[in-house]
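Visitor: Those letters in the sequence shown? Residues 1412 to 1559, per our numbering, in order.
These are calculated hints, taken from the structure and not from any lab test.
Hints may be right or wrong, so weigh each one.
Calculated cross-link-like contacts (lysine to any residue; reagent style SDA-like; alpha-carbon spacing at most 20 Å) [unchecked claim]:
#  : residue 1 : residue 2
1  : 1541      : 1492
2  : 1546      : 1513
3  : 1541      : 1490
4  : 1546      : 1508
5  : 1546      : 1520
6  : 1546      : 1536
7  : 1541      : 1439
8  : 1546      : 1502
9  : 1541      : 1457
10 : 1546      : 1512
11 : 1546      : 1556
12 : 1546      : 1496
13 : 1541      : 1557
14 : 1541      : 1440
15 : 1541      : 1443
16 : 1546      : 1509
17 : 1546      : 1495
18 : 1541      : 1555
19 : 1546      : 1440
20 : 1546      : 1482
21 : 1541      : 1519
22 : 1541      : 1502
23 : 1541      : 1510
24 : 1541      : 1427
25 : 1541      : 1484
26 : 1541      : 1513
27 : 1541      : 1524
28 : 1546      : 1507
29 : 1541      : 1474
30 : 1541      : 1491
31 : 1546      : 1525
32 : 1546      : 1443
33 : 1541      : 1521
34 : 1546      : 1503
Derived DEER-like restraints, expressed as beta-carbon distance ranges [stated by the list, open to error]:
#  : residue 1 : residue 2 : range
35 : 1447      : 1525      : 37 to 45 Å
36 : 1449      : 1548      : 33 to 41 Å
37 : 1490      : 1450      : 31 to 39 Å
38 : 1490      : 1549      : 18 to 26 Å
39 : 1428      : 1490      : 34 to 42 Å
Model, not experiment: these values are computed from the prediction.
Where is the CB? At the ideal position from N, CA and C, for every residue including glycine.
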Amino acid sequence: MLMELQLRSATLDDIAILAEMNQQLIIDEGGQNTMSLDELADRMQIWLSGDREAVIVEYRDHIIGYLVYWRAEDEFYPYQDSFYIRQFFIQPSYRRRGIGQIAFDRIIDVYFDSDVALTLDVLESNPEGKAFWAKMGFEEYHTTMRRG
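Take the sequences, apply the hints, and build the full model.
Guide: Set out below in structure tokens:
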């Protein structure tokens, strides 16, 4: 399985599949985002044309997931490289087999230096996501609350 898992940097040619997976991620998380598929594609195009990066995860020549990230300023640790992980998604049919863990670990090894700080947000409506990220070594750092 490990050798069949491939990573590559996303390009603008991947916008349609990234938008589709993003739409599925929103559903899986129980998120309140109401953007249409076209709006998600437009947003992804803006992101990838700017300062955001995406990694495509392939398994046996099929795109099964992705990760979107960018360099972030951390006001509490200004002297340490820090990246924000905006989205990580593995297709539902590939979950619960360790593929997400392997993919994430490989992305970290290939795309990030070993001493960087990684930050991400998990929706309260996504307990499976919280459990996954805790298993991956992430700890709760702060709580963001929202009204409206």
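Visitor: The structure should be examined with respect to each hint, and the outcome stated for every one.
Guide: Here's how the hints hold up against the structure:
1. 1541 x 1492: The given pair, whose Cα atoms are some 24 Å apart, is violated under the 20 Å limit.
2. 1546 x 1513: holds, 12 Å
3. 1541 x 1490: Violated. Residue 1541 to residue 1490 sits at ~28 Å, over the 20 Å cutoff.
4. 1546 x 1508: holds, 14 Å
5. 1546 x 1520: Holds, at about 17 Å.
6. 1546 x 1536: holds, 18 Å
7. 1541 x 1439: Distance ~13 Å between residue 1541 and residue 1439 Cα, so the pair holds.
8. 1546 x 1502: Holds: residue 1546 and residue 1502 sit about 19 Å apart, inside 20 Å.
9. 1541 x 1457: Violated. Residue 1541 to residue 1457 sits at ~28 Å, over the 20 Å cutoff.
10. 1546 x 1512: Distance ~9 Å between residue 1546 and residue 1512 Cα, so the pair holds.
11. 1546 x 1556: violated, 24 Å
12. 1546 x 1496: Distance of about 16 Å is within 20 Å: holds.
13. 1541 x 1557: It holds: about 18 Å lies between the C-alpha atoms, which stays within 20 Å.
14. 1541 x 1440: Between residue 1541 and residue 1440 the Cα gap is close to 10 Å, so the pair holds against 20 Å.
15. 1541 x 1443: Between residue 1541 and residue 1443 the Cα gap is close to 17 Å, so the pair holds against 20 Å.
16. 1546 x 1509: Since the Cα atoms of residue 1546 and residue 1509 sit roughly 11 Å apart, the hinted pair holds (cutoff 20 Å).
17. 1546 x 1495: At roughly 18 Å apart (the allowed maximum being 20 Å), residue 1495 and residue 1546 satisfy the hint.
18. 1541 x 1555: holds, 15 Å
19. 1546 x 1440: The hint holds at about 17 Å.
20. 1546 x 1482: violated, 23 Å
21. 1541 x 1519: holds, 19 Å
22. 1541 x 1502: holds, 17 Å
23. 1541 x 1510: holds, 17 Å
24. 1541 x 1427: Distance of about 27 Å is beyond 20 Å: violated.
25. 1541 x 1484: Measuring from Cα to Cα gives roughly 23 Å; hence the hint is violated.
26. 1541 x 1513: holds, 17 Å
27. 1541 x 1524: It is violated: about 24 Å lies between the C-alpha atoms, which goes past 20 Å.
28. 1546 x 1507: The hint holds at about 13 Å.
29. 1541 x 1474: Distance ~24 Å between residue 1541 and residue 1474 Cα, so the pair is violated.
30. 1541 x 1491: violated, 25 Å
31. 1546 x 1525: Holds: residue 1546 and residue 1525 sit about 18 Å apart, inside 20 Å.
32. 1546 x 1443: violated, 25 Å
33. 1541 x 1521: violated, 24 Å
34. 1546 x 1503: holds, 18 Å
35. 1447 x 1525: 37 to 45 Å: holds, 39 Å
36. 1449 x 1548: 33 to 41 Å: holds, 36 Å
37. 1490 x 1450: 31 to 39 Å: holds, 37 Å
38. 1490 x 1549: 18 to 26 Å: holds, 21 Å
39. 1428 x 1490: 34 to 42 Å: With a Cβ separation near 37 Å, residue 1428 and residue 1490 satisfy 34 to 42 Å, so the hint holds.
When the structure is compared with the earlier hints, violations turn up for hints 1, 3, 9, 11, 20, 24, 25, 27, 29, 30, 32 and 33 and for no others.
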